[in-house]
Amino acid sequence: MPVLCRTGCGKKAVLKRPKTGDALCKECFYHAFEAEIHYTITKGRLFNNGDSVAIAASGGKDSTVLAHVMKTLNQRYKYGLNLMLLSIDEGITGYRDDSLETVKQNRDDYEMPLKILSYKDLYGWTMDEIVAQIGRKNNCTFCGVFRRQALDRGAAMLNVKCIATGHNADDIAETVLMNVLRGDIARLKRCTSISTGSEGTIPRVKPLKYTYEKEIVMYAHYKKLVYFSTECVFAPNAYRGHARALLKDMEKIRPSCIMDIIYSGETMAVKEDITLPTQRICIRCKFVSSQEVCKACVLLEGLNKGLPRLGIGKSSKAKKMLEEYNAKQGHTTIKETMQYLDNNYTNIGNIENCLSNDKLCKSRVCKVSKNNTQLINISGKCNNGHCSGQCKNNQFSKDKENKSNTKINILLEQYELSETSNNVTVGPSHANILNATDLDNLYPDQDEDSCSGTCGKMGSMQIGF
Amino acid sequence: MSGLTVTLQFSGGAELLFDKVKKREVELPALEKFLPQINKTDWSLRELLVWIKDNLLRERPELFLQGDSVRPGILVLINDSDWELYGELDYKIHNGDTIMFISTLHGG
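Protein chains in written order, with the working numbering: chain A, 31 to 495; chain B, 20 to 127.
Honestly, the hints are just simulated from the structure, not real lab data.
For every residue, glycine included, the Cβ atom is placed at its ideal position computed from N, Cα and C.
Don't take every hint at face value.
[Stated by the list, open to error] Below, a list of computed lysine-lysine pairs in the BS3-like style, where the Cα atoms sit at most 25 Å apart:
| no. | chain 1 | residue 1 | chain 2 | residue 2 |
| --- | --- | --- | --- | --- |
| 1 | B | Lys41 | B | Lys111 |
| 2 | A | Lys254 | A | Lys56 |
| 3 | B | Lys41 | A | Lys134 |
| 4 | A | Lys150 | A | Lys101 |
| 5 | B | Lys42 | A | Lys254 |
| 6 | A | Lys46 | B | Lys111 |
[To be verified] Negatives, chain A to chain B, calculated, CB over 10 Å:
| no. | residue |
| --- | --- |
| 7 | Asn168 |
| 8 | Val210 |
| 9 | Ala275 |
[Stated by the list, open to error] Beta-carbon label-pair distances, calculated as ranges:
| no. | chain 1 | residue 1 | chain 2 | residue 2 | range |
| --- | --- | --- | --- | --- | --- |
| 10 | B | Leu108 | A | Thr308 | 25 to 35 Å |
| 11 | A | Gln105 | B | Arg43 | 20 to 30 Å |
| 12 | A | Gln163 | B | Lys52 | 48 to 58 Å |
Between the sequences and the hints, there should be enough to build the whole structure, so can you do that?
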């Protein structure tokens, strides 16, 4: 006995909506699904007429549905948006190479321009190469940190107002839960906001924030949208995997729990005496960071120095590693080591000096700077005043000039400061925890130290956006 | 009662657990022969999952099944409609039915 659509349209229902429990037919489902996203967009004032918007496209279900719906709504409600696709090629053989084919299909299907940025071009390393260095344990940290910055860079190149990502309600509930489980108050506070990014960053918006994963998959299925669904070939994130499984189990019993967790995350208040890291600009790459040197730069430095674990975990660990490194190199003080590393860095943006520096040139950095003008352009762009003005880095590079600190001193602070960087006024145990997570908190947004996409999802199987 | 012919489809990544085959037609034996102990003659989805586990599931059954049902996060469509509208595990299978399993567990 077929169930009829609840709206009384007389058609046969095809699905039960998890959010409301309503049985709807295909047409009424499409209408409800799209109308809710339109409501989310208008209520949250995510876009302004005439904006250019980059859709972060991974080829997976969420970004494919997002691209489809954005195109549909843009036409139907005359948003007047200039939509484009932005993809990051992490360089993961057997995963991203295939999914990028799907993104190219999206480009053709939705007639949107597509920009693909690769880790190899931006950082000189593919994820395959990084995993060969670091192993499979912490690779998601690299991937997440690099992707976040890569999206910012891509958005700056495309000169867009904002980046729309495909995070769905289930993803956000999962992130709330994860941040609670990790005691990560800074992220807990911001992870539910529909639009993130402060001055200096290109905002991320989440039009699918209140859209259930089940509905996204059903929509893609009935609309016959082609998406890519293979798990990342690299490490599972077991902790996230468990949180995800828990959430799915609870959703089965009470589907509204997804919305309820998001609501809890949105309304939870953080005690006033907890001071949260403030955002600033990385002195190296000029992208937004909560520390003097952003996590992407620290990680990249580690890779290029053969210290791939630098920047993973506690700052005290990084300090210890640098001490060992400096002993090996024959430097006597951390200061000397930092100077060494810093000189090395300066050379990245400086082709002429590149060849003259013996050990440095063995690292990939030199090769990169020779071959890849893109990287140099990025760091040179704002200082040289070539950027379109859209790039907010301009104002920050001025700020930087005003500071009389040398890079070395700042870096020294970065690594030796761990005992004094205590910006917390709660009990001692808490102070330690927050301090320990300092290095992990370098980014303002989503949780970048784990894969936000496929990773950690299927069982303990487990990249995306 | 003789066997039934049904079409099974796996997608959204679920096919990876089934030799990457997305669509197959299978013939189910008489239920009395397959599961004599339960004393039933009519196939329901509950028994179909047992049959799938015994005959088709190649690896990591825990990624597809949980308890006597599918793992939460795997959507089931009966003749292209949500199984939640049709009694889920208690749905009585008819000859010629198409049962589809879509995993939502992969990233996007």
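How the hints compare with the structure:
1. Distance restraint check for Lys41 (chain B) and Lys111 (chain B): the Cα-Cα separation of roughly 23 Å lies within the 25 Å cut-off, and the hinted pair is therefore satisfied.
2. With a CA separation close to 12 Å, the supplied pair Lys254 (chain A) and Lys56 (chain A) stays within the 25 Å bound.
3. In summary, the hint linking Lys41 (chain B) to Lys134 (chain A) is supported, as the alpha carbons are separated by about 23 Å, within the 25 Å threshold.
4. Our distance criterion of 25 Å between C-alpha atoms is broken by Lys150 (chain A) and Lys101 (chain A), whose separation comes to about 31 Å.
5. Among the hinted pairs, Lys42 (chain B) with Lys254 (chain A) is consistent with the structure: their alpha-carbon atoms are about 16 Å apart, no more than 25 Å.
6. Among the hinted pairs, Lys46 (chain A) with Lys111 (chain B) is consistent with the structure: their alpha-carbon atoms are about 19 Å apart, no more than 25 Å.
7. The Cβ of Asn168 (chain A) sits about 19 Å from the closest Cβ of chain B, beyond the 10 Å cut-off, so the non-interface label holds.
8. Even its closest Cβ contact with chain B, about 20 Å, leaves Val210 (chain A) beyond 10 Å, as expected for a residue assigned away from the interface.
9. The claim that Ala275 (chain A) is not at the interface with chain B is violated, since a C-beta of that chain comes within 10 Å of its own (minimum 8 Å).
10. At about 53 Å, the beta-carbon gap between Leu108 (chain B) and Thr308 (chain A) misses the expected band of 25 to 35 Å.
11. Distance hint check for Gln105 (chain A) and Arg43 (chain B): the Cβ-Cβ separation is about 39 Å, which falls outside the suggested range of 20 to 30 Å.
12. For Gln163 (chain A) and Lys52 (chain B), the Cβ-Cβ distance of about 56 Å falls inside the hinted range of 48 to 58 Å, so the restraint holds.
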